[in-house]
Each structure stands twice: as structure tokens, then as C-alpha cells.
Amino acid sequence: MEKTRDDCFVKIINLHKYFGNLHVLRGVNLNIKHRERVIVIGNSGGGKSTLLRCVMGLEEIDEGKIYVENKPYIVSNMGKKKRITMSKEIQLRVGMVFQAFNLFPHLTIIQNLMLAPVKVRKMLKKEAFEKSRTLLKRVDLEDKMNEYPSRLSGGQKQRAAIARALVMEPEIMLFDEVTSALDPELVKEVLDAMKELASEGMTMIVVTHEMSFAMDVGERIIFIDGGEIVEEGGPEVIFSNPKKERTKQFLSLVLNR
Amino acid sequence: MAYKFSFDVIWGNLDVFMAGLVTTFQIVGISVVLGLTLGIIVAIFRLSRNFVLSKLTAAYIEFFRCTPVLVQLVWVFYCLPIILGVELSGFISCIIALTLYAGAVYAEAFRSGIQAVAKDQIEAGIALGLSSAQRTRYIVLPQAVRAVIPVLLSNSVSLFKESSLVSTVGVSDLMYRSRVLSTVACRPIEILTTTAVIYFIIAFPITLITRAIEIRLAKKIER
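Residue numbers (this note's numbering), protein chains in the order written: chain L, 1 to 257; chain B, 1 to 223.
Just so you know, these hints were derived from the structure itself, not from any lab.
Bear in mind the structure is a predicted one, so any value in this text is a computation, not a measurement.
There may be inaccurate statements among the hints.
Computed footprint of chain B on chain L, listed as stretches where at least three residues anywhere in the stretch have a Cβ under 8 Å from a Cβ of chain B [as the list claims (entries may be wrong)]:
no., segment
1, 21-32
2, 55-69
3, 82-96
4, 99-106
5, 164-171
Computed Cβ-Cβ distance ranges for the label pairs, DEER-style [claimed, not checked]:
no., chain 1, residue 1, chain 2, residue 2, range
6, L, R83, B, A203, 49 to 57 Å
7, L, R151, B, Q26, 40 to 48 Å
8, B, K219, L, K248, 43 to 51 Å
9, L, D140, B, S131, 38 to 46 Å
10, L, R151, B, E214, 19 to 27 Å
11, L, E185, B, R49, 39 to 47 Å
Quick partial rundown of chain B residues pointing at chain L, CB under 7 Å, derived from the structure [claimed, not checked]:
no., residue
12, Q26
13, D120
14, E123
15, A124
16, I126
17, A127
18, G129
19, L130
20, A133
21, I139
22, Q143
23, V145
In this text, a Cβ means the ideal position worked out from N, Cα and C, and glycines have one as well.
Okay, chain B solo, but in the shape it has when bound (with noise of 0.2 Å):
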């Protein structure tokens, strides 16, 4: 007996979809948001010259970006309000767990970006007198977040994808109310399909835009 496709489903429950979007983009956009000055700051924490600094940053990054953001979710998700002993709502949860493995890539990208400012540039500064902090913030940040807007850019599109892994811990996002309906429509294929399309749509567009930035960068380079 052949399947019958049948997308009805889809033109009847178009409300539900957008309501899930519109969790998905308030969980994405906060979580990348806060994920980019957490990462900043982790990326500056990470080259300085204080070893404790250094070293315990450098343990944050590798840990978030080798465990599974899963799992990572589940942890916040469960354990953070047993250890401080706080309620947190499945919104939250997932803004901090999605912030902090978002800091840790984004730190990485950041540390790169800075390491490939020229010495040249920092040594300019230190002849017109600019203290350290001056030369990170006026001349350092500046040249190194232009070259990783890229990496970030891909990164984020990474962590639009992830962020479906809240549906796991009950928040209602796209891939949440998708899982629901498909349950109760009984037509999985129809629905997650869709779904599918609908964060392609979404996160193509900014691989392209990426890439075109790349281009324009890269042309720079070579003056």
C-alpha cells in the first residue's frame, strides 16, 4: 500500500508553525546576543597574560564545544536549579545553556580572529603611546571582529539549527509544536518536512550572505 502525501495538514496549522517560530527567534536572537559578549569577553580572558585567567577559560571553551549541547541543556535544564536552588522557567534554561555553549564557540572565534592581527598593528600603537586596553579596544577588536564576521555568521546559523534541541526539555519552539502536531495529525513526514523547509529557508540565506562577506574580505585582503 503506497503512502498518500497529504499537506492539508500543513495549510491548516500554519498558526502553529509561526507561534513556533516566533519561540525560535526569541531563544536565537537572545541566546546569540549574549553569547557574542560572553564571547568576547572569554576570547580577551583567554589571550591574557594571567594563567589562572588563561587556563580556566580555556577549560570552559573546550568544554562546551566538545560535550553535546544535549546534554548540555539537559544539565541546565535539570541540575543548575538543584545546585542554586532557584526555579527556572524552560525559556531560561535554554538561554543560558544555549548562551554558554554559544560564548565558548564564539570565543574561539574571537581568540583567532585577535591572534591574526598583525603585530605591526599593536606595535603602531605602542609608538603613539596607547595603553594596553586602548590598543585592544581602538585597534585590536575592531580589525579582528571584521575578520571572524564570517565564522560568526556560520557559527550562528549552527546555533539557529541546535537551538531545535530545546524541544527535548518541553520548550515550545518550531521543533516542539512540529513533534506535537505530528502526534496529534498523525502525518510526520508532511510536518517535519516542512519544518525542515522552513529553517532552510531561514538559515540559507545567511550562509549566502557569509559567503559573500568572505569574498568582499578576502578582495580587501589583497587590496
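Excised from the complex, chain L in its bound form (with noise of 0.2 Å):
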């Protein structure tokens, strides 16, 4: 069944996450297209990655509800003793890239891509290897499947990364800073793998400095600051005329670097 636009894909409700005494996020409230790109940007400890990670299921939320088409994915349930509950079978249909790429360095590339669709989907390894293979194509790393990943630049590694995370299907991908770790003449071979990742219809979360990557590939940019949302709306809006005092800035900063 074909999904339309508008159809709400995940919906997160007043979602709170604690470090200890500190209160990291204060209620987020984000809906989220299919097929949409969201960019969340906002200052370091503002909650950002944390989002993401919640979303993963990396951290456990405290509060909160994460619905994925209308099922409930990471609910907590507020009853006389608190329980989070999480829906494994929704998580699989996300997908996550990381700062630190997070490769297993003790498996070669194309490995590295085999392993959880191998494990976990079942998936025949000589079916598994060709899906990788055809990924790994269209990060322009063929040639490198066999290599460690300590073999590679890190850009290359990001790319790997990348197409790790796609070899499982997942239906919204999440990418937390994925550029911030490399040398800038890096940065953008990352950043066309994403972009053509948003032409195919991904519907994504990226958290990033890259400004002018958000105004390019951002449908829908997200501030963040303090745990909570400050400001959102279309790129041309929050980049050229935000209405928060906040937002401007933040902006100002990251914008006259």
C-alpha cells in the first residue's frame, strides 16, 4: 500500500529524558512525515542526540510515547510503578549512523554489512552478500569490501556506515552528527551519500552543523535548545527569518563562523 505524504509516520509525544538530576528533554512533541527531512540543529547539550538516541531505543526514555503509524513503539506507561516498554519489530524499521562511524573493526567491510541482516533477518548469506554488495556500489565502495575497516578513510568509513545501516531496510534513518568526526575535504562525499539517500524518498532525522547541508536537504528544520523545541518550521523560514530570540542566536553563531 502506497503511503501518502501526510500520513503522520512517527509521532512523539511529550517525551522527557533524565541524566541523573539533569533534564535533558522537557517534553518533545515531533511528528514526522513519510518521506520527510528533518533536520534538527541546535547547541551542543541542548538534547539533540539525545533525541535520536531515544528514538533508537539507544537510551531509555522516562516520559513519554513514540507511536510508528499508529502502533505504539516506546510507550511508557504511567501506572503505580513506572515501565517503558519497546516494540523490537518497529525498531528494526529504524535504522541509525553514528559520529564515530561505529564500525566492527574486527570484521572486514562487506562483514560488516552481512552480519545483522544474516543474523537477525536470516537472510541467506549468499543473498546477504549480493544485497551488500549492491549497496556498497552506491557508496562507491566496491572495492573495499574486503578491507578492515581501519583500512579506510573516514569518509570511506561513513560511507560504510551508511550502507551497513540500509542493508537492513529500515523505513526512517537516523543520523546523529555524521560528518562531525571527519576532516572537512570529507565532509562532502558523506553528505552526497545522504543527499541521494533524501532523492530516493528516505525519510530521515539529521542531526547536524552543517547549515548549508540543512538548507539544502532540509524539508523541515528543527532548533533545539535547553531539551525542549524552540522553533521549527521550512528551511527559508528558520534560516532567514526566525521569530525566537533563541533561534537568532544560535544562528548568528553558527552562520558568520
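Fit the two chains together into the complex; they arrive one by one in their own frames, and the hints show the way.
As C-alpha cells, this is what we get:
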């Protein structure tokens, strides 16, 4: 069934997260449509990464609900005793790429890609191999498939990590500052791979400091500060005509660098 | 009166040394294999979230690491048959005792290796949908084991030396046969020195290999 553009895909309701006494996410509400590209910007420590990590299921939320296509994904049940439930099945529909690549150093690139489909999806090795190779070709790394990650440049590693996430056929991809650990000359190749993915209609939430990428690719810009969404809107609105003082301050800092 | 060294007794009894060495190799070889298996299981239990399992294995590790191997050997050799009501040969008792000791030592090595695996490796596994058991099996253990190979080798060299203690409970390993021979031949200095040289010839190359692996691993980390 083809999903119409306006269907709400991911619905985040009143998400709270504490690290000890630190209230990192203070009631975040966010709806993401199918094939929407949401860019999250904001100061370090503002809660951007934590938001992504909560959606991926890497951090246990303290309160709130996340629905995927109206089905409960991560839900806090506020009863006598607080209990967080998560649907593993829905978690498989979410993919993530990390700042530090997180490739498995003891496996070759092709093995990095094949591990999850073979072990989690029980795909035949031959099938997983072909699929992985096709994806590596797409990110222009087919010739590196038998290398270990340590032999690759940062940009190549990150493209391999993107391919590794894609091999599980996620329906939404989370990017957590994926170019921040790269040398400047390697940033473009990774951003290009992400742009290609965007043009193919992948639903994406991207935390980034690359403002030109945000303007280029983002359909909606979310500015997070102090654990809450301060302002959101299309890139033309946020970048040229922000309403809130905190957004203006942040943008004047990052754009005039 | 100066002591006159005479190594003739060595050349005449090479077969005695060889026979002892074979027994030593058997005991150490079996104990290393069983100990590694035990150690990896114990390390996983030690780090499990199950409180009882974790504390029980911690107690086991500390008990065997902090008591003399000699006492452990004697205890298994004399007490275990009484408790279990079974006859155990000296050879089997020694393997049980050395396996328990090695398991505790290896478990500590594996534990440090497992804990050294970066948290973001585990997170990448979660993001790919791997279950906890799959993450342990395919991501954590392969990296942990690789990282602690030098420690495991050096532990094994120690075990090889410690195995000479089995001679005290009458198992005819290299040390036992040397001691018998030195009593019979009245040449303890020559015979025990030769025995030490044999232990050294076997242990030293392993320590060299350990060093080489350490250097290679260090290079890999700095990529």
C-alpha cells in the first residue's frame, strides 16, 4: 500500500529524558511524515543527540510515547510503577548512523554489512552478500569490501556505515552528527551519499552542524535548545526569518563562523 | 673440597625427562583448553545482570586467584574424593585443580577484555537489531578475545610453571621425575638445573610471541 505523503509516520509525544538530575529532554513533541527530511540543529548539550538515541532505543526514555504509524513503539506506562515498553519489531524499521562510525573493527566491510541481515533477518549468506555488495556499489565502496575498517578513510568508513544501516531496509534513518568526526575534505562525500538517499525518498532525521546541508536538504528545521523544541519551520523561515531570540542567537553564531 | 659438576647423568636419562615432559604437556594442554572454556563462561556470568550469578562467579574467581595453587591441588586431590565419594587418579585431580585455577585467572582476563569493548560497538549492534546474545557472540567476544590474547598467553606460561606443583601429589610430570632422578642419582644440582632449562626453553619463546602480538595489537589501535 502506497503511503500518502501526509500520513503521520513517527509521532513523538511529550518525551522526557533525565540523566541523573539533569533534565535533558523536556517534553518534546514531534510528528514526522513519510519521506520527510527533518534536520535538527542546536547547541551541544541541547538534547539533539539524546532525542535521536531515544528514538533508536539506545536510551531508555523517562516519560512519553513514540508511535510509528499509530502503533506504539516506545511507551512509558505511568501506573503505580513506571514501566517502559518497546517494540523490537518496530525498532528494526529504524536505522541509525553514528558520529564515530561504529564499524566493527574485527570484521571486513562486507562482513560488517552482512552480519545483521544474516543473524537478525535470517537471510541466506549468498543473498545477504549480493545485497550488501549492491549497497557498497551505491556508496562507491565495492572495491573496499574485503578491507578491514582500519584501512579506510573517515569518509569511506562513514559511507560504509550508511550502507550497513541501509542493508536492514529501515524506513526511517537517523543521522547523529555523522560528519563531525571527519576531516573537512571528507565531509562532502558523506553528505552526497545522504543527499542521494534523500532524493530516493528516505524518511530522515538528521542532527547536524552543516548548515548549508540543512538548507539544501532539510524540509523542516527543528531548533532544539535546553531540551525542548524552541522553533521549527521550513529552512527559508528558520534561516532567514527566525522568530525566537534563542534561534537568532544560535544562528548568528553558527552562520557567521 | 670443590664440588665437581657432572652432567653425564643427564645424557643417560634423557628418556626420563622426555616422559616427564609429555605428562606435563598433557596436564597443561588439557587444563588450558578446559580453563579457557570455563574462563569465558565465568566472565560472561561475572558481568551478567543477574546478581546471584555475578556474585557467585566473583567469589569463585577471587577464591582461586587468592589462594596458593599448591593448596588447591592438595585440596582437590585429598578432599574432593572424600566429598564426592569417588576415586580420582592423581592425573585427573591435577587437571581438575589446574582447570579451576586457570579458569579463574582467564575469567579475569576475559572480563577486562569484554569491558574494554567500546560501548558504541554495542550500540551499533542494537541499532542493527542484534539481540543481546548475538551482540555478545558476534561483536563483543571476538574483540575482547583478540585484545586479551597476550594476557592469556602470559597466564598460560605461568600455568605451565605452576603445573610443576603437581609433582607434590605424586603425578609423574617433568618436575616429579627430575626429583626422583636427583634422589636416585645424587646429582640434584645438575638435574634440577637441566629441568629449569627445559622449562625455560619452552616458556621463553611463548613470552617472545606474546610480546610480538602485543606490539602488533598496539599498532592496530593507533591504526
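Self-check item: Structure versus earlier hints, numbers of those that do not hold, lowest first
Solution: 1, 9, 12, 20 and 23
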